[in-house]
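Colleague: Quick mapping for you: the protein sequence lines, in order, are chains V and C.
Each residue of the first sequence is one higher than the one before, starting from 1 at the first, in the numbering used here.
Each residue of the second sequence is one higher than the one before, starting from 1 at the first, in the numbering used here.
What the hints contain is simulated information worked out from the structure, not anything from laboratory work.
All residues carry an ideal CB built from backbone N, CA and C; glycine is no exception.
Fair warning: there could be bad hints in the mix.
To be verified - Okay, the calculated beta carbon distance ranges per label pair:
no.: 1; chain 1: C; residue 1: Gly141; chain 2: V; residue 2: Arg85; range: 40 to 50 Å
no.: 2; chain 1: V; residue 1: Asp5; chain 2: C; residue 2: Asn4; range: 15 to 25 Å
no.: 3; chain 1: V; residue 1: Phe64; chain 2: C; residue 2: Arg96; range: 32 to 42 Å
no.: 4; chain 1: V; residue 1: Asp5; chain 2: C; residue 2: Val108; range: 13 to 23 Å
no.: 5; chain 1: C; residue 1: Val19; chain 2: V; residue 2: Asn86; range: 39 to 49 Å
no.: 6; chain 1: V; residue 1: Arg85; chain 2: C; residue 2: Val163; range: 16 to 26 Å
no.: 7; chain 1: C; residue 1: Asp142; chain 2: V; residue 2: Asn86; range: 46 to 56 Å
Said to hold, decoys possible - Simulated pairs of lysine-lysine, BS3-like, Cα-Cα distance not exceeding 25 Å:
no.: 8; chain 1: C; residue 1: Lys32; chain 2: V; residue 2: Lys94
no.: 9; chain 1: C; residue 1: Lys98; chain 2: V; residue 2: Lys94
no.: 10; chain 1: C; residue 1: Lys32; chain 2: C; residue 2: Lys98
Said to hold, decoys possible - Partial selection, computed: residues in chain V whose CB lies under 7 Å from chain C:
no.: 11; residue: Val47
no.: 12; residue: Ala67
no.: 13; residue: Ala82
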Amino acid sequence: MIGIDWYLALSAVIFVIGMIGVLIRRNAIVVFMCVELMLNAVNLSLVAFSAYHGDVTGQILVFFSLAVAAAEAVIGLAIILAIFRNNLSVDITKINLLRW
Amino acid sequence: MPLNQMIRMEIYTFVLLAVIAIASALGMILSKNTVNSALLLVFNLLSIAGVYLLLQAQFLALIQILVYAGAIMVLFLFVIMLLNLDQEESFFEKVRVKYLIAFLLGAVILGQILYSLGGVTDLLPEISPDMEFVGTVEALGDVLYTEYLFAFEMTAILLTAAVVGALMIAQYKKKKTDESE
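Can you make the complete structure from the sequences, with help from the hints?
Modeller: Right under this line is the structure:
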């Protein structure tokens with residue numbers, strides 16, 4: 001097997017790309033997809049550690065994290081739909097009702 | 001000789017998958033069209049599933065394709081279709097300082113993570129060849145249905161609650177239809 005640092009580096013790069021996406025995009029759906037990207041990057045590093053330790057627990061954790069990500073996607077998209085109905089926009093700079 | 005070739009094959013496959021994953025992630029955050037972003041995210045998820053296969057995690061690779069690239073992304077596409085979005089205008093023209101700060105912050109955090117990864121590889125234990133096959137459906141199910149049975153059942157409740165909550169939140173003007181009837 002090749003070294004674990006390759007996988008961890010890939011995971012870190014994808015995580016940072018997702019983070020930059022959350023910071024620069026204004027479309028709420030794309031921001032949400034960037035969050036999914038970050039979740040995936042962390043899952044990748046969990047699987048890498050699990051495989052290199054020969055321990056199944058990390059993959060169980062990834063399984064549960066997938067289930068939570070699915071629930072989170074459903075709720076988040078429902079919230080985006082509700083906001084769109086009220087505001088007619090998914091631009092996060094225009095959703096500033098709670099802004100100080 | 002075969003071992004050496006296998007490692008080289010693994011490196012080639014990994015580099016191919018990693019390039020696809022990073023390129024599609026970059027394309028996702030830079031593309032103006034939301035649908036293109038979603039489809040590029042599907043590419044990214046598929047290539048990460050390939051990386052899971054390289055790591056001998058067959059079950060998770062399958063789940064990744066079925067749940068993430070299948071179910072969740074279809075949900076995203078449906079919501080994009082429902083919202084009927086226009087394209088995000090002036091992505092790179094306005095507020096350049098904000099983008100600069102975002103990229104700078106990203107570079108700093110990437111540097112931090114990579115720096116902290118440097119010391120991690122020394123801590124790995126030596127594993128026997130039979131321990132490499134922890135990612136099969138058999139091995140995973142064996143643990144999932146005994147040791148983690150309670151958490152597994154809780155997942156079912158969580159998903160049910162998510163579905164009911166999504167129905168409640170996304171419901172379309174329930175009170176008005178009640179009054180009109």
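Colleague: Could you tell me which of the numbered hints above are not met by this structure, giving the numbers in increasing order?
Modeller: none
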